[in-house]
Structure formats: C-alpha cells, structure tokens
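Residue numbers (the numbering used here), protein chains in the order written: chain A, 1 to 232; chain B, 233 to 685.
Just so you know, the hints here were simulated from the structure itself, not pulled from any lab data. If you're wondering where the values come from, they're calculated on a predicted model, not measured in any experiment. C-beta atoms are modelled at their ideal positions from N, C-alpha and C, and glycine is treated no differently. Fair warning: there could be bad hints in the mix.
Stated by the list, open to error - Heads up, simulated DSS-like pairs for lysine-lysine below, C-alpha to C-alpha not over 27 Å straight-line: (1) B:Lys491 - B:Lys570; (2) A:Lys69 - B:Lys661; (3) A:Lys44 - B:Lys284; (4) A:Lys73 - B:Lys293; (5) B:Lys526 - A:Lys44; (6) B:Lys244 - B:Lys363; (7) A:Lys73 - B:Lys461; (8) B:Lys570 - B:Lys363; (9) B:Lys661 - B:Lys671; (10) B:Lys441 - B:Lys461; (11) A:Lys73 - B:Lys284; (12) B:Lys545 - A:Lys73.
Stated by the list, open to error - Chain B regions said to be covered by chain A (calculated; three or more residues, Cβ under 8 Å): (13) 382 to 393; (14) 526 to 539; (15) 565 to 572; (16) 638 to 645.
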Amino acid sequence: MPRFNQLPLNFEVRDVFTFDTLVTGVNTVSVGIIQQCALAEGEKQVYIWSPPAGGKSHLLQAACNLAAKNQRKVCYLPADQIIHQPVQILDGIEQLDLVCLDDVDQLAQSRLWEEALFDLINRMRETGNSLLLAAATSPDAMQVQLPDLRSRLAWGPVFQLQSLSDAEKYEALRLRANQRGLELPENVAEYLMRHYPRDLFGLFERLEVLDTASMAMQRKLTVPFVKSVLEK
Amino acid sequence: MSTILWPNCLQKLEQELSDQQLNTWIRPLQVKEEDKLITLMAPNRFVLDWVKQNFQQLIEKILCDLNPDGEVSLALEIGTQARPQSATSAITQTATPDPGFQTRAPVKTPSIQIEHNLNATFTFDSFVEGKSNQLAKAASFQVAENPGSAYNPLFMYGGVGLGKTHLMHAIGNMLLKNKPDAKVVYLHSERFVGQMVKALQHNTIDAFKQYYRSLDALLIDDIQFFAGKGRSQEEFFHTFNALLESGSQIILTCDRYPKEVEGLEERLCSRFGWGLPVCIEAPELETRVAILQKKAEEAGLPFPSEVAFFIAKRIRSNIRELEGAFRRVMATANFTGKSVTLDFAKEALRDLIALQDRIVTIENIQKTVAEYYKIRSSDLLSNRRSRSITRPRQLAMALSKELTNHSLPEIGEAFGGRDHTTILHGCRKITELRDSDMKINEDYKNMMRILSN
Numbered sequence: 001m002p003r004f005n006q007l008p009l010n011f012e013v014r015d016v017f018t019f020d021t022l023v024t025g026v027n028t029v030s031v032g033i034i035q036q037c038a039l040a041e042g043e044k045q046v047y048i049w050s051p052p053a054g055g056k057s058h059l060l061q062a063a064c065n066l067a068a069k070n071q072r073k074v075c076y077l078p079a080d081q082i083i084h085q086p087v088q089i090l091d092g093i094e095q096l097d098l099v100c101l102d103d104v105d106q107l108a109q110s111r112l113w114e115e116a117l118f119d120l121i122n123r124m125r126e127t128g129n130s131l132l133l134a135a136a137t138s139p140d141a142m143q144v145q146l147p148d149l150r151s152r153l154a155w156g157p158v159f160q161l162q163s164l165s166d167a168e169k170y171e172a173l174r175l176r177a178n179q180r181g182l183e184l185p186e187n188v189a190e191y192l193m194r195h196y197p198r199d200l201f202g203l204f205e206r207l208e209v210l211d212t213a214s215m216a217m218q219r220k221l222t223v224p225f226v227k228s229v230l231e232k
Numbered sequence: 233m234s235t236i237l238w239p240n241c242l243q244k245l246e247q248e249l250s251d252q253q254l255n256t257w258i259r260p261l262q263v264k265e266e267d268k269l270i271t272l273m274a275p276n277r278f279v280l281d282w283v284k285q286n287f288q289q290l291i292e293k294i295l296c297d298l299n300p301d302g303e304v305s306l307a308l309e310i311g312t313q314a315r316p317q318s319a320t321s322a323i324t325q326t327a328t329p330d331p332g333f334q335t336r337a338p339v340k341t342p343s344i345q346i347e348h349n350l351n352a353t354f355t356f357d358s359f360v361e362g363k364s365n366q367l368a369k370a371a372s373f374q375v376a377e378n379p380g381s382a383y384n385p386l387f388m389y390g391g392v393g394l395g396k397t398h399l400m401h402a403i404g405n406m407l408l409k410n411k412p413d414a415k416v417v418y419l420h421s422e423r424f425v426g427q428m429v430k431a432l433q434h435n436t437i438d439a440f441k442q443y444y445r446s447l448d449a450l451l452i453d454d455i456q457f458f459a460g461k462g463r464s465q466e467e468f469f470h471t472f473n474a475l476l477e478s479g480s481q482i483i484l485t486c487d488r489y490p491k492e493v494e495g496l497e498e499r500l501c502s503r504f505g506w507g508l509p510v511c512i513e514a515p516e517l518e519t520r521v522a523i524l525q526k527k528a529e530e531a532g533l534p535f536p537s538e539v540a541f542f543i544a545k546r547i548r549s550n551i552r553e554l555e556g557a558f559r560r561v562m563a564t565a566n567f568t569g570k571s572v573t574l575d576f577a578k579e580a581l582r583d584l585i586a587l588q589d590r591i592v593t594i595e596n597i598q599k600t601v602a603e604y605y606k607i608r609s610s611d612l613l614s615n616r617r618s619r620s621i622t623r624p625r626q627l628a629m630a631l632s633k634e635l636t637n638h639s640l641p642e643i644g645e646a647f648g649g650r651d652h653t654t655i656l657h658g659c660r661k662i663t664e665l666r667d668s669d670m671k672i673n674e675d676y677k678n679m680m681r682i683l684s685n
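Taking the hints into account, I'd like the entire structure generated from these sequences.
Here it is in structure tokens:
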C-alpha cells in the first residue's frame, strides 16, 4: 500500500500533532476556539498568525486529526506545496467539512492564487463548512494585491499565536520527547534551552536529530552527547 | 441505483488507510454503482489523479476480493451526482410573461434547474442603513419592488466589505419572496467565468447561454474580475444584451466605477452605465456602531454600547473586518464563559488593536531601553559598571530573552560579546528585583508595553 511520505506531494498530516501534544500556554483561548471550529462548533472561519516556527502547522494538523477522528471530511493544504499545482486543486473542496490552509501568505504572491483563495473563501461561506487559515502575518500586514481577499481573510476571528514562555517550552519539549519514547533529563533540556535558539520548531528539530543519533549510537541523552551531536 | 459493494469496500479501506487519508481522498468521492460497474467521481482533476495514483490499485484489489466470482469494473472520473434540492428551486413549468418582470418574453426552456445561491439572512431588514449607503439601499429596494423597469442595470460600486453583496442578496431574496418561481441567480463573476470555461471545455456552451439568457434576474458580484478576460466579457456582453432586451433585471457590483476598471471593454463599461450607478461609501462611526449592535442582536447576545463604540472607533476600514473583530470578542466570551465588558473587549482584541505584528529585535529592545533611561545604546554594550548603566542593561537582557527567540549566547553576543552566563545572571537579577523593587517592575512593564505595541 502506498504510504503518504512516499508520494511526490506530501500533504501528510502527522498523527503525532494532536491537541494532547500541544502546550497552549497563553494561547488557551485561540486554541480552544480552533478546537471548537474543528468540531463544527462555534466559528466557521478562524485565521491564526505568528512568525515562522510559531506552532501554526502543529495546530492546523491537530485540528485535522481531531476532525477526522470525529468522522469529518478534512483536508490540510500547505501553501508551499499547492502553489506548484494548478489552482483547480481547490475546486470542490468547499464540500469538505474542514479545510485547513497553511502559510496562506505564500499564496499571496500570485494574483491567480489570490483569486482562487478569494473564491474558496466565498464558497466555504456558502456551504457553511469550516475553514482554518494560518499565515506568518496578520491580514492587515499581508502583501496582497486583492483588497477583496484581505478583507475576507479577516472575516472571522483573527488570532496571533503568542510565543510560549520558557517554562512552557520545557513542557512542550518534555511532551515531545515522551511521545518519541525518549528520556530527556532535565539538565539536557536546560542545556538545549540555554545554548541554542529557543523557537519551538528549532527545539523540536534538534530533539529529532538527537533521537535519531541516540538510537543509532545506542546512547542516552547527556550534555556531552548532545554537544557532540549538535556541534558536529 | 444501489450501492452494495462499495460500503463493504469502504469498510476494508478503513482498515488499510488512516482517518486522514480516508477523509481527505476517499470519503469525498461520490459513488455510482450499476451492475458490476463502480464509478467513483472526484470533485476535480487533482483529486482524481491522486486517487488513481495512490489508491486505485488497492480499491481494485479489495473489490476483487469481495467479489471473487464475478467481474467488477472500477471507473474513476471527474464529476458529481445531482445535488440535493435544498438551495435549488427546480423550475419545471414553462415560464410565462410576468407582470413583475415587465416585458418578459416566453422562454422555451421547460426544465431548467436554477440554483439561486442566495443567502437568506441577507435581507433589507438585516441591512443597517446610514448616510454612506442610503442611496444604494433606496435604489435596491426600488429594483426589488419593480424589477426590470427602473434602474436596469443597477450598478453598485464601492470599496471592499461595505455591504454591496448584502444589498444584492436582499434584492434577490425579495424578488423570490414576491414571486417564488422567479428565476433569480446570484453568482460571483469568477464563478461565471469558471462555468463558461467548463462549458467551452465540455462543449456545452449553448446550454450555458440558454441558461443565463432565460433568467428573470441575474445578479453578478465583483465584476472587476472580468478585467482582462476577453472571452468571458464577450459572452457576458451578449447575455447582458439578451437579458435587457427581454426585460430581465440585471444587478452588478464592482469595487470601482466601471470606467475605472482597467481591462474592461469600453462597450461593457458604457452599458453598465445605462441604468443607475450608485456608490456605497465606508460607513461612518454611528453606522458602524449600529452594525455591531445589529450583529449582536442577531446572535441574541448582550453587547454593551460602549464596547460597540470601542470596536467601531478602531476598525474603520470595512464591515467585514468589523465583523471579524466582533466575532473574535464573542467567540472569546463564549469560550471563557465571561460576559462582554469594555475591559474584556480590550483584552480580547489587544493584539489586533495594537498591531503587534512588528517584529521585536534585540537592537530594537536596546534602543527602546536606552531611550527610556535616557542613556546611549552604546552604553548598554560597553563595559561600564555604574548602577545607572547596569540596571538598564540587565533589563534589556531580560526583555531580549522574553521577547525574542535568540539563544543566550546570541543575546550575549549582541550585548558587546558577553558570556551567556552574564545574560543568565542579568535575567535572574531582574526577576528578583521585580519582586522587591516596584520601580523596576513598573519600568519593565512599561517597556514591555512599548515594545509590544
């Protein structure tokens, strides 16, 4: 059977991205509203934004997983992948219960895609199905050519995902390590937080590298081991 | 048509594929099962190709296992089955001249399905009138009362999100209310273009023409999207003429006056000006407040007028963004179970109002702190150890750790090449001082506010 990660286009929604594995921190309200949206409760269109590596994709994929678990028809479309496709890829998707469009700002570079997105928002509005949008900027700050699109992006609630505190990032790292079955000693977590950039995406990436290395070398995570792997 | 094999096949697929794969690619397919032929219909070419490439083999294998004795064929194609009738009014009788539509000619189209696409909640009652939209509302009402006579075409123009579409739907809804079997169609210009392209591809352009030329009222939104689409403009031009000749009502919206739309043919521009072009302007404060109150009333939720004023004063651009801000306050109230007060709304909209999308950099923090304490930025990077410099320096370090994602060594580097342990010490010192020294705590909060806004 074909696996998603072997496909030429990878719109894979990672199973590990769920609301259980998400540390919400100060974003409790926005995350809660997105969760409701995934379950067709409350808002029909929600827009979230944060600088890159702010956890938007995790949140959108968690929404997809939750909706799919509840028998809703879902679709996760990352802009960097669909932008190479004809805009017709969006045809008919308004019939799905939940459409999650990631990195919308990347579509805003093309007039054709802006029109397609504009049309999709109108169609979603007509069908009454749920639409989750994520981008690196607020609709106001986005470089769009179509003012019609900008106003539609802000049709529903717009939330900025706030960065987590260091304590919350610790918690997120610990959760992610647990999920991978990896023992993450406190001093190693502290070392990672102190000596490397503290954006969540980067921290998770480093953890993934360490996980692979620790498996390959059959070593536990210690500060010297981490140093030797990450500073190669 | 019956489906026997497919439900069993779907059950097997559920065991083989993830929920996400099923819900994204398989469940959206429509199924037609006739004798030993199962046809799966995909909404578009992309889904079709994906399913063919990734799941066809598996589906065929399952079907074969389920039906080992007989031959089952699987066909994959683009298409949809006839949709349910909810938003569709099937016109089955021959249309007759109708006093409501003045000189309506008989049409020989005995069975055309009309999808009116109207949103029933957009009515004249739910439209908030103000100085900015008075004329447009009056003209729309006139047209709804006397279609095909006064103001044909009715051309409404103005910026985005000011209520043009609402008025258009209101006219359509009223036309249907007055004459339930009227053939009224609302659609966005993009959709008109899309349908025409499909009709050309499928060689059904005659049916397309017949459909649009048989209507009592055609409502096309945002006609600026016709710009540069010559073939669509040509087709629309002929449809427009046919409808006007037969006394049907045409209502159009655009984001600007027709002659100002670049890429729109001169003959179309001139025809759009034949009826009544009316402008909708951005609503003034009182209208914005009234709009918010109307939305709260529709939602059946209490919404203090001071909150409405607070939002309306800050969101001036258009009604759509006003609605977005309103929805955000209401969604937050709903989620937290709190009632909507002015303080609550200020908190809920904090980042929206404050436009926090400015990126905070270490350099920016150093500049802000230096200005706050009336020292030079270079002092923060220097080795000077007087109290008047070290405290601001430590505050700037703490703010850099709080507001940026830089690592401690990176922050140290930005502070004149200091060691990361110095940064850590500075941050700890500020945490301690904020508990014991009110002045430091106040300074810290002030600078946080300045940098976040």
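Results of checking the hints against the structure:
1. B:Lys491 - B:Lys570: violated, 50 Å
2. A:Lys69 - B:Lys661: Given that 27 Å is the threshold and the Cα spacing comes to 48 Å, the pair is violated.
3. A:Lys44 - B:Lys284: Given that 27 Å is the threshold and the Cα spacing comes to 32 Å, the pair is violated.
4. A:Lys73 - B:Lys293: Satisfied, since the Cα-Cα distance of roughly 24 Å is no more than 27 Å.
5. B:Lys526 - A:Lys44: With a Cα-Cα distance of about 19 Å, the restraint between lysine 526 (chain B) and lysine 44 (chain A) holds, given a limit of 27 Å.
6. B:Lys244 - B:Lys363: Violated: lysine 244 (chain B) and lysine 363 (chain B) sit about 62 Å apart, past 27 Å.
7. A:Lys73 - B:Lys461: violated, 34 Å
8. B:Lys570 - B:Lys363: It is violated: about 35 Å lies between the C-alpha atoms, which goes past 27 Å.
9. B:Lys661 - B:Lys671: Distance ~14 Å between lysine 661 (chain B) and lysine 671 (chain B) Cα, so the pair holds.
10. B:Lys441 - B:Lys461: holds, 17 Å
11. A:Lys73 - B:Lys284: Measuring from Cα to Cα gives roughly 19 Å; hence the hint holds.
12. B:Lys545 - A:Lys73: Distance of about 40 Å is beyond 27 Å: violated.
13. 382 to 393: holds (count 3)
14. 526 to 539: It is violated: at least three residues are needed, and the region 526 to 539 of chain B offers just 0 whose Cβ sits closer than 8 Å to chain A.
15. 565 to 572: Answer holds; 3 residues pass the 8 Å Cβ test.
16. 638 to 645: Satisfied; 5 residues make the cut.
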